[in-house]
Structures are given as C-alpha cells and as structure tokens.
Amino acid sequence: MIMYLYIMICFFCGIWVFSSNRKHLLITLLSLEFVVLILYMILFNYLNMYNFELFFMMIFLTFSVCEGALGLSILVSMIRSYGNDFFNIYSMLQC
1 MIMYLYIMIC FFCGIWVFSS NRKHLLITLL SLEFVVLILY MILFNYLNMY NFELFFMMIF
61 LTFSVCEGAL GLSILVSMIR SYGNDFFNIY SMLQC
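Numbering follows the numbering used here, in which position 44 of the sequence shown is assigned residue number 44; successive positions increment by one, without gaps.
FYI, nobody ran anything at the bench for these hints, they're computed from the structure. Bear in mind that the values here come from a model prediction, so they are computed numbers and not experimental data. Watch out, some of these pointers could steer you wrong.
[What the hints assert, rightly or not] Just the calculated beta-carbon pair ranges, DEER-fashion:
1. C10 x I59: 33 to 41 angstroms
2. L43 x L70: 16 to 24 angstroms
3. I59 x Y4: 18 to 26 angstroms
4. M1 x E33: 35 to 43 angstroms
5. M58 x I79: 19 to 27 angstroms
6. F60 x V17: 16 to 24 angstroms
7. C10 x S81: 27 to 35 angstroms
8. Y82 x Y4: 41 to 49 angstroms
Positions of the beta carbon are idealized from the N, C-alpha and C atoms, including for glycine.
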C-alpha cells in the first residue's frame, strides 16, 4: 500500500515539474522521462498483480525510447541552431 502511495506521489511530482518548469527543453525532457519511468512501474505492478503477460511492457519501452530519442534530436537541433535550449528566447513558430 505504501509503495503505491510512493509511486503516485512520484508521478504527481513529475507532472508538477513538467508543468511548472517551461524555461529549458532539457528539464522538460528529463521530467517527461521521469513520468514515463513511473508509468512503467505502474504498468509493471498492474500486469503482475493480475497475472497478465509482460509483452506489452516491451512495446511500452520501445515507444518510450523512441520518444526519448526524438526529444534528444530536437534538443540537439535547437542547440545547434540557436546555441541554447531556452524557450523564451525565440519563438518555436518561426521557420
């Protein structure tokens, strides 16, 4: 019971950090990865509790790795183009 409470507190802390820190792309990506790891733990506990197959966890991990790779590629292209990862220096709508 306490483990589930700890997981939910970590999940909401990750969501809070994601929604409150909007200055840097790197902090946003790290908080998203933290939320994905917490969701992975929730999924693992749920699938083990009801004795389901764990194959869906591999699919979830594949999509989370793709999400992380896309985020890092956006970060690298922003740093190469603008020199930093601040959101407030430039508009993302410009071509």
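Evaluation of the provided hints:
Taken as a hint, the range 33 to 41 angstroms is violated for the pair C10 and I59, whose Cβ atoms sit roughly 23 angstroms apart. Checked against the hint of 16 to 24 angstroms, the C-beta distance between L43 and L70 comes to roughly 21 angstroms, which is consistent with it. Separation of I59 from Y4 is about 23 angstroms and conforms to the stated range, judged on CB atoms against 18 to 26 angstroms. Checked against the hint of 35 to 43 angstroms, the C-beta distance between M1 and E33 comes to roughly 27 angstroms, which is inconsistent with it.
For M58 paired with I79, a C-beta distance near 32 angstroms fails the hint of 19 to 27 angstroms. Evaluation of the 16 to 24 angstroms hint for F60 and V17 yields a pass: the beta carbon distance comes to about 21 angstroms. Taken as a hint, the range 27 to 35 angstroms holds for the pair C10 and S81, whose Cβ atoms sit roughly 34 angstroms apart. Between Y82 and Y4 the Cβ separation comes to about 42 angstroms, which falls inside the hinted range of 41 to 49 angstroms.
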